[in-house]
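There are 2 protein chains.
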Amino acid sequence: MRLIRGVKMDIKNYMLNMGTKAKKASKKMSTIDTNTKNKALELMSKALLENKEKIISANKKDMDNGKKNNLSKAKLDRLLLDEKRINSMANGLKKISNLPDPVGEGIKTIKRPNNLIINKIRVPLGVLGIIYESRPNVTVDAVGLCIKSGNTVILRGGSEAIHSNKILTDIIYKASLKAGLPENSIQLVETTDREAVKFMMQLNDYIDVLIPRGGKGLIQAVVNNSTVPVIETGVGNCHIFIDDTADFNMAEKIIINAKTQRPAVCNTMETLLVHKDIKDKFLPIIKRSLTDLGVELVGCEKTKDIIDVDKATEKDWANEYLDLKLAIKVVDSIDEAIDHIYEYGTKHSESIITNNYENSQKFHKEIDAAAVYVNASTRFTDGERYGLGAEIGISTQKLHARGPMGLKELTTVKYTVFGDGQIS
Amino acid sequence: MRLIRGVKMDIKNYMLNMGTKAKKASKKMSTIDTNTKNKALELMSKALLENKEKIISANKKDMDNGKKNNLSKAKLDRLLLDEKRINSMANGLKKISNLPDPVGEGIKTIKRPNNLIINKIRVPLGVLGIIYESRPNVTVDAVGLCIKSGNTVILRGGSEAIHSNKILTDIIYKASLKAGLPENSIQLVETTDREAVKFMMQLNDYIDVLIPRGGKGLIQAVVNNSTVPVIETGVGNCHIFIDDTADFNMAEKIIINAKTQRPAVCNTMETLLVHKDIKDKFLPIIKRSLTDLGVELVGCEKTKDIIDVDKATEKDWANEYLDLKLAIKVVDSIDEAIDHIYEYGTKHSESIITNNYENSQKFHKEIDAAAVYVNASTRFTDGERYGLGAEIGISTQKLHARGPMGLKELTTVKYTVFGDGQIS
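Which chain is which? The protein sequence lines are S and C, in order.
According to the numbering used here, the stretch in the first sequence is residues 17 to 440, in order.
According to the numbering used here, the stretch in the second sequence is residues 17 to 440, in order.
Do not take every clue at face value.
So the derived label-pair ranges between C-beta atoms look like this [unchecked claim]:
id, chain 1, residue 1, chain 2, residue 2, range
1, S, Glu-69, C, Gly-233, 49 to 59 Å
2, S, Lys-232, C, Val-281, 40 to 50 Å
3, S, Asp-221, C, Lys-124, 28 to 38 Å
4, S, Asn-85, C, Thr-47, 48 to 58 Å
5, C, Lys-77, S, Val-281, 57 to 67 Å
6, S, Lys-28, C, Val-281, 36 to 46 Å
7, S, Lys-127, C, Asn-29, 34 to 44 Å
8, C, Asn-29, S, Lys-110, 38 to 48 Å
9, S, Thr-36, C, Ile-123, 34 to 44 Å
10, S, Lys-424, C, Glu-312, 44 to 54 Å
11, C, Asp-93, S, Asn-131, 51 to 61 Å
12, S, Lys-44, C, Lys-297, 32 to 42 Å
Source of the hints: derived by calculation from the structure; they are not laboratory data.
Just so you know, even glycine gets a beta-carbon here, dropped at the ideal spot from N, CA and C.
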């Protein structure tokens with residue numbers, strides 16, 4: 017028995033109760049009209065701006081605890097909510113309210129020879145479970161997308177952000193009720209007990225899909241332990257292959273962009289593959305410009321023959337550095353490049369820089385990844401940059417959704433059939 | 017250590033080896049052109065017809081073992097392969113060869129303000145694992161659909177059908193090689209050891225999707241134990257609700273069709289819900305016609321007040337009889353009918369018989385199922401009957417595919433992006 021908001025309650029019952037309420041709410045939520053959902057998003061956005069001080073003061077508790085518990089500088093930065101970040105969350109909700117509502121969209125209509133009319137339409141998934149780590153802004157972003165797509169949501173954030181997550185959920189939940197959304201359409205797991213996550217991953221009768229958002233460890237743990245269907249997001253060990261026909265100037269610009277623009281995100285480049293015929297000329301260029309930008313380089317033996325870098329180990333090829341570090345490998349052919357990506361890639365984003373038509377086609381065809389680029393940076397893999405609107409993550413799995421997951425990817429389909437007495 | 021075709025081999029290594037070969041084959045398979053795939057299907061079809069005697073004689077071994085092991089009559093019937101059924105498998109392959117190839121189909125093209133061209137196209141899932149029970153025809157049907165959609169496949173059939181499955185796989189695999197498909201694109205788990213399934217469900221690095229085909233027990237076991245993504249198919253506790261405005265004649269015909277045409281399949285009706293205002297007139301009609309057809313009826317208290325049937329228990333509402341048996345419940349309103357379906361339905365197919373516009377809309381909106389019917393039989397939920405071609409099953413889950421799963425549902429998407437040096 018544990019204390020949750022002063023009430024003694026067994027964790028399993030607590031989670032079951034939450035699941036039951038979410039499922040009940042989702043029945044109502046699935047029929048709520050677009051205007052009401054948009055009004056909710058706008059009121060939520062407004063409420064965040066009106067409660068900045070409260071949010072910052074709750075976040076201070078988390079920050080103080082984080083410092084006490086010696087969280088890394090990077091983690092503390094992810095945890096921080098300041099005026100700018102609150103404005104950004106509020107803006108995010110407004111943007112979502114401006115996106116088209118996917119629910120009810122007709123996908124196709126089939127008229128059968130017996131006059132049966134079969135409509136395939138888009139409907140909400142139902143109840144979404146979001147399991148995430150230290151960024152409290154995920155609370156708001158995820159709720160916005162879940163609500164607009166007609167789903168109800170159970171949130172389980174990191175324990176280090178619990179005060180921030182509680183206040184954010186309280187504020188947006190109250191605003192959602194004011195707009196007319198059903199009770200319990202937004203719920204936060206308020207205990208930081210790890211048992212809660214364990215039960216959450218077994219709530220097949222109540223949660224339709226789990227989306228883990230965070231590092232590799234979190235995602236793997238959810239994939240391995242959940243019986244609820246999971247959408248994997250985010251792990252990106254992305255490669256760029258420079259073939260022997262590449263424009264060096266273009267290649268250099270793309271490499272700098274893909275490695276240094278925002279190294280901590282999933283669509284950043286982690287390994288550079290260089291064709292052997294250009295290694296002598298190209299590697300010194302790239303060494304100079306990346307070293308100037310503070311990028312640490314490691315390389316294979318052939319790379320080391322040309323530029324002075326540390327030796328790359330097996331671990332480097334598999335690693336998602338998420339940092340200013342890059343592994344470089346010289347390959348004999350496009351086939352070796354593709355094989356390397358097949359072995360070490362995480363099916364996220366891969367790019368070739370080439371001026372050879374056959375190679376561009378071959379790379380597009382043979383690379384198995386969510387996004388395959390010719391002569392462009394891997395950094396483009398992003399819902400906004402694809403013109404799809406806000407995203408809940410980049411799916412690296414093949415079922416249901418692949419690549420940037422926007423509102424449509426948070427829906428499923430239903431066949432509604434109109435008859436006049438047809439029997440088979 | 018166990019014996020497989022005379023070779024001692026540890027089961028785990030055996031499955032890992034199979035996964036590795038399937039993954040390697042899938043790289044080639046994903047780029048095979050449509051003509052080659054169609055040729056393979058045609059040669060496979062021809063080979064089945066040319067080897068009828070071999071197939072029937074292998075099947076006799078399974079039938080003899082089945083009789084020795086006291087398999088039920090229904091199970092023995094499912095196991096049987098005769099000339100007619102072999103013809104039907106061969107025809108099935110031909111039909112699949114005539115269906116359009118989903119691979120490479122363009123879903124949309126986005127041109128971005130920076131001139132980046134983003135194509136969203138359909139690509140194979142990769143490696144499919146099919147786990148099924150006693151019907152050996154699944155071996156051929158599943159392979160046909162997997163091959164046409166550019167996937168490689170690992171089959172794990174029921175131990176009682178092992179001789180039939182082996183000969184069928186041998187025949188169609190050899191034919192596939194003759195047409196030019198890659199080695200190991202079709203593999204059968206040849207051990208009947210249950211450990212093999214256990215390992216198969218953990219082969220996340222090799223199998224992209226598992227599709228269990230069979231009874232509730234099999235499907236639940238796979239859902240609960242697999243870390244590989246699963247598509248649930250098939251369990252159908254389907255309802256028909258007769259509201260107070262229904263045309264009795266239409267309702268009677270649809271009920272007879274949905275219950276008696278083929279009671280052992282998933283889209284058959286299992287519970288009939290009747291509005292209280294028509295119970296006195298309608299229940300006697302339905303009792304007479306269904307009893308004449310050999311259907312056993314059980315009912316709620318209110319049903320029993322009007323017609324002489326056994327009492328339905330809680331278990332009856334949840335049961336998928338797959339037999340000539342029907343549970344009947346009188347409800348006070350459409351809301352009670354919808355609530356009952358929400359509680360006991362398996363999200364497969366649900367139908368309302370009504371002449372009330374508002375009720376027809378309400379039922380379509382509020383019922384959470386793959387297929388929702390107005391004035392038609394639930395028996396229509398089927399790939400062929402929807403005009404989608406052959407199907408691998410009816411998905412009752414919400415991720416990836418819902419309803420009849422044809423060739424398109426065995427694919428995923430990929431973004432192929434064409435640039436000329438774009439950076440973000």
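Checked hints:
| no. | hint | result |
| --- | --- | --- |
| 1 | S:Glu-69 / C:Gly-233: 49 to 59 Å | holds, 57 Å |
| 2 | S:Lys-232 / C:Val-281: 40 to 50 Å | holds, 43 Å |
| 3 | S:Asp-221 / C:Lys-124: 28 to 38 Å | holds, 35 Å |
| 4 | S:Asn-85 / C:Thr-47: 48 to 58 Å | holds, 52 Å |
| 5 | C:Lys-77 / S:Val-281: 57 to 67 Å | holds, 58 Å |
| 6 | S:Lys-28 / C:Val-281: 36 to 46 Å | holds, 37 Å |
| 7 | S:Lys-127 / C:Asn-29: 34 to 44 Å | violated, 53 Å |
| 8 | C:Asn-29 / S:Lys-110: 38 to 48 Å | violated, 56 Å |
| 9 | S:Thr-36 / C:Ile-123: 34 to 44 Å | holds, 37 Å |
| 10 | S:Lys-424 / C:Glu-312: 44 to 54 Å | holds, 45 Å |
| 11 | C:Asp-93 / S:Asn-131: 51 to 61 Å | violated, 35 Å |
| 12 | S:Lys-44 / C:Lys-297: 32 to 42 Å | holds, 34 Å |
Checked against the numbered hints listed earlier, the structure breaks hints 7, 8 and 11; every other hint is satisfied.
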